[in-house]
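One letter stands for each residue in the lines below.
There are 2 protein chains.
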Amino acid sequence: MDIISETRCFDGVQGVYMHASSVCACDMTFAVYLPPEAKDGPVPCLWYLSGLTCTHENAMTKAGLQAHAAELGLAIVFPDTSPRGDKVADDEAYDLGKGAGFYVDAREAPWAAHFKMESYIVRELRTLVEAEFPVADRHGITGHSMGGHGALTLAMNHPDLFQSLSAFAPISNPTRSEWGRKQLAAYLGTNESLWADHDATALLKTKGWKGDILVDQGASDKFLDLLNPEALASALFETRTPSVIRMQEGYDHSYYFVSSFGADHMAWHAERLFA
Amino acid sequence: MDIISETRCFDGVQGVYMHASSVCACDMTFAVYLPPEAKDGPVPCLWYLSGLTCTHENAMTKAGLQAHAAELGLAIVFPDTSPRGDKVADDEAYDLGKGAGFYVDAREAPWAAHFKMESYIVRELRTLVEAEFPVADRHGITGHSMGGHGALTLAMNHPDLFQSLSAFAPISNPTRSEWGRKQLAAYLGTNESLWADHDATALLKTKGWKGDILVDQGASDKFLDLLNPEALASALFETRTPSVIRMQEGYDHSYYFVSSFGADHMAWHAERLFA
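Residue numbers (the numbering used here), protein chains in the order written: chain P, 119 to 393; chain F, 119 to 393.
The following block holds chain P by itself, in its conformation from the complex (with noise of 0.2 Å):
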């Protein structure tokens, strides 16, 4: 693993590192953000997984999150959104391929060789982080519109790694989706029964949560046709998961929104990664 940044902020330190990815055959970049607590001993950790388009740095320089962190005394992992590199596969749009995960591990090609995205965070950079970064055996896992996405689905199919969830303006219902089906397609097949693992409306009628959820929505974000979160907040109430969810008015899909309620986020991981 290679140092490429750490900068002290908040008084814990902003990383930026490199490693060469077996499972995505190519090398990745993350972020970590340590605060002041970890120099005395493991702080708890919250995965904060990006939206289409995004690497680990938009959500590290624009969310705000790392006040809060250091606050609260809990460590932040970003992760990329793919593989990188000239050998990687890409395809034009901006929702397929490079930027765009989806955190799923491909099946088809061109993509299988190195879109391996749900191996590569629960295990991979997963023991990584264990190995390199002072981080107790508490995990929490959040993520923005994909990475919400990402993160509802992630934490369902292995409920083992992480002990809190919630989302940003999730891709709620992605087999339902423009923002998923297109996706779901091209990295898995067309066989939709592969598909329902990644759906997070779908997931919660069968495999389900095991604790709560706090999912916050803006009321004027341009994406909501695409996002469906009606599809989830329905699953959540109609499986009676505990859970809270808010469509906040005025908000859009940008880190305008994140930054405003990072703060409840964190202090949700927070609650629960204590207990």
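Take these hints with a grain of salt, some might be off.
Identical copies look the same in the list; a pair holds intra-copy or inter-copy alike.
[Claimed, not checked] Derived pair list, reagent style EDC-like, types lysine to aspartate or glutamate, alpha-carbon separation capped at 20 Å: (1) LYS323 <-> ASP208; (2) LYS328 <-> GLU367; (3) LYS300 <-> GLU367; (4) LYS325 <-> ASP129; (5) LYS328 <-> ASP255; (6) LYS328 <-> ASP278; (7) LYS340 <-> GLU356; (8) LYS325 <-> GLU367; (9) LYS180 <-> GLU124.
Honestly, the hints are just simulated from the structure, not real lab data.
Chain P is already provided as a structure; the job is to place chain F on it using the hints.
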């Protein structure tokens, strides 16, 4: 209007009153809590509508709202849930007739003579409260179960009368529930087109609500299949209605549930009524 009792409570007054209702054609009892601030001038007013089998008394004695009302400076009105008296029609079932007015104006015999709970609350009792008590022209509405249904539907049907709205475990989609279909058929007749204006889920998609809505629901509520909160959750998000909806782990349908989240609801209303 006769004073049945007035009792000092959190430095304010909990009163119970009776009046001859012309709308319901019977004597009606109701309760009003006035906070200490009401001695100095008009205060905003929260209407609390109760559920099946209740009178004005259940929430007044068991919900513990007066402590918060005193702190925040809100009055609370607790109406009865149906007309009362020997001349008033009833049914053997607990969920039809007395104690089960459903906050509609009945059109069918034998109910139409007295069961006019919508007009009673929004017209007659509203006028009486405004004339007899120091309440400002700022009103919120909430309620529990059938009363949550009442709060949601009366607010959406009379938006000029209410500036804030919340509900505890509301009957959310009565046109699709056994808590609703029987009563709406009895009171309004079998023409289901008349029912939609008394169904919160349907109203969100037609008239909608001008502001935001707080809804709490217990995840261990044994009436969940009758309440159908997932329909309301879906409609709130589908219509992009600003809202906070919470599935509360372990809580049932009792006043212990209402009292546990009473402070949150009172604060919600105070924030909007004092805005």
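field: Indices of hints not satisfied (ascending)
entry: 1, 3 and 4
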